[in-house]
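Asker: Chains as they are written, first to last, in full-length UniProt numbering: chain A, 1 to 447; chain B, 1 to 447.
If you are wondering where the hints come from, they were derived from the structure by calculation, not from laboratory data. In this text, all values refer to a predicted model and were calculated from it rather than measured experimentally. Note that CB positions come from ideal geometry on N, CA and C, so glycine has one too. Some clues are possibly wrong.
Unchecked claim - Residues on chain B that point at chain A, a partial pick, calculated with CB under 7 angstroms:
1. 146
2. 147
3. 193
4. 237
5. 365
6. 401
7. 403
8. 428
As the list claims (entries may be wrong) - For lysine to aspartate or glutamate, the following EDC-like pairs were computed, each having C-alpha atoms within a straight-line distance of at most 16 angstroms:
9. B:237 <-> A:380
10. B:436 <-> B:98
11. B:237 <-> A:277
12. B:237 <-> A:213
13. A:237 <-> B:98
14. A:237 <-> B:53
As the list claims (entries may be wrong) - Quick look at which bits of chain B chain A covers, simulated, 3 or more residues with Cβ under 8 angstroms:
15. 6-20
16. 326-333
There are 2 protein chains.
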Amino acid sequence: MLAELLAALGPAGCLTGDRVAEAARSDASRSGQTLPLALLRPSSVAEVSAALEICHRHGQPVVPQGGMTGLAGGANPRSDDVALSLARFAGVEEIDPDAGTMLLRAGTVLERAQEVAAEAGFLLPIDLGARGSCQIGGNIATNAGGLRVIRHGMTRDNLLGIEAVLADGRVVSSLGRMVKNNTGYDLRHLFCGSEGSLGVITRAVIRLRPLPEARQTALCALSSYRAVLTLLDMARKTLTVSAFEAMWQDYFAFNQQIARLSLFANPPPFAVILEAEGAGLEPLLEQAFEAGVIDDALVAQSQTDARRFWEVREGHAMETALPGLINLDISLPVARLDDFAQACRAGLRARFPDAHVSFYGHVGDSNLHVAVALADNAEDGGHEVDRIAYDLVRGFGGSISAEHGIGTLKRDWLGHSRSPVELAVMRQIKAALDPKGILNPGKLLPA
Amino acid sequence: MLAELLAALGPAGCLTGDRVAEAARSDASRSGQTLPLALLRPSSVAEVSAALEICHRHGQPVVPQGGMTGLAGGANPRSDDVALSLARFAGVEEIDPDAGTMLLRAGTVLERAQEVAAEAGFLLPIDLGARGSCQIGGNIATNAGGLRVIRHGMTRDNLLGIEAVLADGRVVSSLGRMVKNNTGYDLRHLFCGSEGSLGVITRAVIRLRPLPEARQTALCALSSYRAVLTLLDMARKTLTVSAFEAMWQDYFAFNQQIARLSLFANPPPFAVILEAEGAGLEPLLEQAFEAGVIDDALVAQSQTDARRFWEVREGHAMETALPGLINLDISLPVARLDDFAQACRAGLRARFPDAHVSFYGHVGDSNLHVAVALADNAEDGGHEVDRIAYDLVRGFGGSISAEHGIGTLKRDWLGHSRSPVELAVMRQIKAALDPKGILNPGKLLPA
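Full structure from sequences and hints, please.
Answerer: Next comes the structure, spelled out in structure tokens:
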């Protein structure tokens, strides 16, 4: 089989032994330990197709890999897997300025695609912290979320067309450029978010947007979660909201301190970063202050000011300050986020009295993150944290993964968010499109 | 089998013979001639499930029916089909004002759902001319387009959760309320647009939006299609565009005349209705006029003015004036719409020298309509029109159905817009979820 792959892809397209890069071991979760049997680097759709046809014939499992920035272990190989990287199939093929669309190859690094869009006078509306190394194919395969969801939706909401190679090597091309296209089953949304288990995405058409007007940013202090929801409602009605990020007191206080900032000397029960495109932020804040919705607000007068607000929100220093930090990514009906936070804090504290527990999230997108650091590295502590939190998520009708996906790390909890019938339907679809089960086996769907 | 259905659904839920309403014969395309074997009217998800379990066991084909306002024949039964109407399973079950979501039953008439949303202070962002009789289940099953697509997207773009009954009676419930939910395959988008061929939609969660600011409407005269595209680009960059409807000269002149209006005494090469929410329309028009993009513009000073613009665009009097009117619904990359119109006009005129041929459409959504009336009712004339137009659509990389769907009327043309591999994948999915092929057989997928 390796000889066939080598013949089909050439020496630069089929690496084995020492030539397999260390980076092929693991995504950014650092949960992968193993090098794959081979690392395939096809440079065309035809080569992706040829590689899959060969692997399919031999029953060889294939793990598609993008920029390896995922957080769920979805691209980590096992020792007898073949990894398939799209890195050599990169670049923007076409921009249609009238339609506002971009056709690009799966291996294109997101930031590069953003730059090409900006040069043509457009915003590429997908953006995330990993933009400098993640690839658009991986963004689509995981339906990446990120920083612009409240304004422009998830990756799938900006996807007009897709091309993928099926397990048996057939190329299924649905590279439509039209917003309206009611001609049968929507294959875009089937491959988007399927984490490489239904096909290898090779190209896509993305919808571009006009470049945004200047953004204004404020940091608001609020005394209740009800006030947070009221501010969100007010903002949605009058502003073009481009971020609405809430920090619970525990998170804000901790991160303000380690960042050595004093934005609110007395950390309020809730701190919200409200960012809007165009005008209207300050009048809205005045109105919210007069109505008693916010207790205080800092309006950024410069990029530096805004960066300070975001520094506390992003909390990059947390991982150093709290070794072994666990970061959960869940979503819940927005009205229940604080009820969940209270129940989750209580549940975790009951089991781990000395743990750090704090909450923050993209509240405008119903997305909550939970930061947990256990005082002692108790064996199975992480599993216990998952169990406590995900049992609550299930009770609240939420989702165990808002944006990071399932991969291997959440695979065994999937039944907390999807019913047995949903799982059965997913398995029926998987079996229909990949009957030999060679595409990313062991990921996403529990055994 | 009918005895079993009667026992499961009761006499009000299982109608046969004379008790089957005439309306069960055909959707609004008037292409259906036949009454079904029985008309099922379940009043709960459990009854839908029971009915499908019985039909599945007997290998009985089932045609799901909503408000029968479709235009592709997708809900028309054959004489040995059982029709299944959701009309008795109607109503809004829940509005979450914090999340801006509505949980409702499939049989809810769209207009009723819009009213309930408005009473709660929200816009239900799905709207179409048939609002008074279409049902939300049908809107989802056909991924309805309509009047708000440029602002809020197609039905699928406003769909957060879905519940459907599978062919064998299993209920698959994905009624999430969260914008972010990355937990495996997206079943919403699989059922949405599948035209009743994969499951019977029973409930859904729709995302609501803030009520819009007042709309301003203008009718603009332009002398080239390039100018139309430039105006669209300018409008998108500075306005919240809620409609951008272009009429080619042939369409505008004909409909202005039969409406006995004189909006532009000399019909321009292109007339565009531009509608925007909030402020900014008049400054934009001034700027466009100074830049030579528009030659003239009428700004509606009242609802009556705006209605006159829309009367010409909607062309309701056309069907009376042109008996046997054919209305094609296609989409193409927006830059190519006029190239297509010219080629299509030439192709149709070559075959039918005396035909009426005119063009209009939701240009902002890449959606073009072609109105054709043949002078003589030549046998197979409709088929010839389809062939000439859809052959061109294929050549332009367009879609043979922008918003109306496939049903039976476009089924045999589906291969003009979807590749053999795409069709094979659709059939694999269909076979996986409905192995006996009982759900809406003969629709959507060509034999």
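Asker: Could you run down the list of hints and mark each one as holding or not?
Answerer: Hint by hint, here is what the structure shows:
1. Taking 7 angstroms as the C-beta cut-off, the interface hint given for residue 146 of chain B is violated, the closest approach to chain A being about 10 angstroms.
2. Evaluation of the residue 147 of chain B hint against chain A yields a violated restraint, the C-beta minimum of about 13 angstroms exceeding 7 angstroms.
3. A cut of 7 angstroms between beta carbons decides the hint on residue 193 of chain B: the least distance to chain A is about 6 angstroms, and the hint holds.
4. Checking residue 237 of chain B against chain A by beta carbon gives a least distance of about 5 angstroms; that is within 7 angstroms, so the hint holds.
5. Contact between residue 365 of chain B and chain A, as hinted, is supported at the beta carbon level, the nearest pair being about 5 angstroms apart and thus within 7 angstroms.
6. Hint on residue 401 of chain B holds. Least Cβ distance to chain A is approximately 5 angstroms, under the 7 angstroms limit.
7. A cut of 7 angstroms between beta carbons decides the hint on residue 403 of chain B: the least distance to chain A is about 5 angstroms, and the hint holds.
8. Interface hint at residue 428 of chain B: satisfied, since its Cβ lies 4 angstroms from the closest Cβ of chain A, which is below the 7 angstroms cut-off.
9. Taking the CA atoms of residue 237 of chain B and residue 380 of chain A, the gap is near 53 angstroms; set against the 16 angstroms cutoff, the hint is violated.
10. Our distance criterion of 16 angstroms between C-alpha atoms is broken by residue 436 of chain B and residue 98 of chain B, whose separation comes to about 43 angstroms.
11. Between residue 237 of chain B and residue 277 of chain A, the direct Cα distance comes to roughly 13 angstroms. Compliance with the 16 angstroms bound is thereby established for this hinted pair.
12. At roughly 9 angstroms between alpha-carbon atoms, residue 237 of chain B and residue 213 of chain A fall within 16 angstroms of each other, so this suggested pair holds.
13. Using a Cα cut-off of 16 angstroms, the hinted pair residue 237 of chain A and residue 98 of chain B holds, with the two alpha carbons roughly 13 angstroms apart.
14. The straight-line distance between the Cα atoms of residue 237 of chain A and residue 53 of chain B is roughly 46 angstroms, outside the 16 angstroms bound, and the hint therefore fails.
15. Under a criterion of three residues with beta carbons nearer than 8 angstroms to beta carbons of chain A, the stated coverage of the stretch 6-20 of chain B fails, only 0 such residues being counted.
16. Coverage of the stretch 326-333 of chain B by chain A holds. Counting CB-CB distances below 8 angstroms, 3 residues qualify, and the rule asks for three or more.
Consistency with the previously given hints fails for numbers 1, 2, 9, 10, 14 and 15, ordered from lowest to highest.
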